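S.K.: If you want the building blocks of each chain, they are given just below.
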Amino acid sequence: MSFIKAQKARQKPHRERAQPSERESLGLLEKKKDYKKRAINYHNKEKKLKALRKKAQEKNPDEFYFKMVHKKLNDGLHWIDVERPEDTMTGAQKALLETQDMNYINWKLNIEKQKVAKLQKQIIPDANAFPKKKHIIFVDKEKDKPKHLINEQKLKLNDNESVKRELMKRTRRVKELEAVSEKMFVRRIVSQDKTNDRTLVKKEDMSSGAIYKWKPMRKR
Amino acid sequence: MVEPHRHSGVFIARGKEDALVTKNLVPGDTVYGEKKIEVENDGSKIEYRAWNPFRSKLAAAILGGIESIHMKPGAKVLYLGAASGTTVSHVSDIVGPEGLVYAVEFSHRSGRDLINVAKKRTNIIPIIEDARHPHKYRMLVGMVDTIFADVAQPDQVRIVALNAHNFLKNTGHFVISIKASCIDSTAKPEAVFASEVKKMQGEKMKPQEQMTLEPYERDHAVVVGIYRPPPKNKNK
Ligand SMILES: C[S@@+](CC[C@H](N)C(=O)[O-])C[C@H]1O[C@@H](n2cnc3c(N)ncnc32)[C@H](O)[C@@H]1O
Chain A
298 MSFIKAQKAR QKPHRERAQP SERESLGLLE KKKDYKKRAI NYHNKEKKLK
348 ALRKKAQEKN PDEFYFKMVH KKLNDGLHWI DVERPEDTMT GAQKALLETQ
398 DMNYINWKLN IEKQKVAKLQ KQIIPDANAF PKKKHIIFVD KEKDKPKHLI
448 NEQKLKLNDN ESVKRELMKR TRRVKELEAV SEKMFVRRIV SQDKTNDRTL
498 VKKEDMSSGA IYKWKPMRKR
Chain B
4 MVEPHRHSGV FIARGKEDAL VTKNLVPGDT VYGEKKIEVE NDGSKIEYRA
54 WNPFRSKLAA AILGGIESIH MKPGAKVLYL GAASGTTVSH VSDIVGPEGL
104 VYAVEFSHRS GRDLINVAKK RTNIIPIIED ARHPHKYRML VGMVDTIFAD
154 VAQPDQVRIV ALNAHNFLKN TGHFVISIKA SCIDSTAKPE AVFASEVKKM
204 QGEKMKPQEQ MTLEPYERDH AVVVGIYRPP PKNKNK
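Going down the list, the protein sequences come from chains A and B. No gaps in the numbering here: position 115 of the first sequence is 412 in the working numbering, and each next residue is one more. No gaps in the numbering here: position 168 of the second sequence is 171 in the working numbering, and each next residue is one more.
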């Protein structure tokens, strides 16, 4: 057995095919196992609906149900008193969980930002966006000037295509993470705000958190 | 397809895009996650390591078309400011098993990585000392053919001169990478480079060429020169 495992260690890791970039708007590429889950879920719902429909058809209007006594009418709505689930977490624990989530997001954001900065350094800008390279040769006499500098070996260097593509993807991810981080931050502050002295300036949207304005308060 | 570069010990790998490479001294080993290229040469395999000009000023200088780096197989090189040993590993590839690289680094943190690199590459001698005090490591270092300096310090020229007086043979060469903002962040880079060149002339170091490293680095220059040049022959 262990021999087989040792062989596996030398195998190339299996890499899944990703959604081609031109079909990216369709979301992640669906695999067989994803399809299986979706199909089973769909059929389960079908079965449930069928069962409900059957029950409704076969309902006996004269039959007694306990809900008939438990139910109350509350402002025109049917209402059943059920026991609320017990609170298993203290406020401090909840807050800790939230900050953990925030820390994780901020950590990922930082990593991603560093990667973006590194990639940006690798992109060769247009030749005219850069000051030109300057090469000075100090010689005593003009005829000492080396000859071969004129016919330098020509190299065909990286055209940056893959770097540019990666950079684009990562900047997009940075934006998403920044938005999440901002939203979490604002929500946390609002949930901790006991004064309630704030007005909404701008609602939360896809790319940024909500903006509130607090009444100026004098610090003692 | 790999062909030799004008500088001996350096090679060019031709492909969809060309890359600067050096022959791996320790086949199978990489130092900083660089790409490896294997070439079959009548039965025997030779392994090369890609040399990234964005991570190494020496590689940027070679791609920029510097006249000479004065490092070739069998040479002895004193490398000041070795950091984690990324460039040092390529210099060790260039000088090969017959050559030697004395790598001086001052920070203990980078020094740890450097020592790990040197464990596999026996032609690197790591020295964790301040390059301002060459007498502290004079027992370890013999006379060298070339000094390469990338310490990014305002008194860089003085540091190189101190080491040259101790270890550089007459008519040996120095290669200094200058980061303008490390020396004077307010002056124009051009002016900084010129003043550094002037300082060298006061130390028996005669500059031979100077080149900026665009597009790989901004406001960086490499200066190559000769130490204690032979007196000029008047009759010629
Ligand atoms: C710009 S980095 C060198 C990078 C390296 N040449 C490369 O390309 O991989 C400069 C290094 O010089 C080191 N350094 C600075 N002052 C020094 C000194 N006085 N003596 C020795 N090393 C020094 C720093 O710790 C730093 O790691």
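Do not take every clue at face value.
Straight line, CA to CA, 20 Å or less: simulated EDC-like cross-link-like pairs of lysine to aspartate or glutamate [claimed, not checked]:
no.	chain 1	residue 1	chain 2	residue 2
1	A	Lys-412	A	Asp-378
2	A	Lys-430	B	Glu-199
3	A	Lys-431	B	Glu-212
4	A	Lys-431	B	Glu-220
5	B	Lys-209	B	Glu-220
6	A	Lys-329	A	Glu-313
7	A	Lys-431	B	Glu-6
8	A	Lys-418	B	Glu-212
9	A	Lys-430	B	Asp-133
10	B	Lys-38	A	Glu-319
By construction, these hints were calculated from the structure, which means they are not laboratory data. On a predicted model such as this, the values are computed, not experimentally measured, just so you know.
S.K.: Find the hints from earlier in the document that the structure breaks and name them by number, from lowest to highest.
M.R.: Hints 1, 5, 7, 8, 9 and 10 not satisfied by this model.
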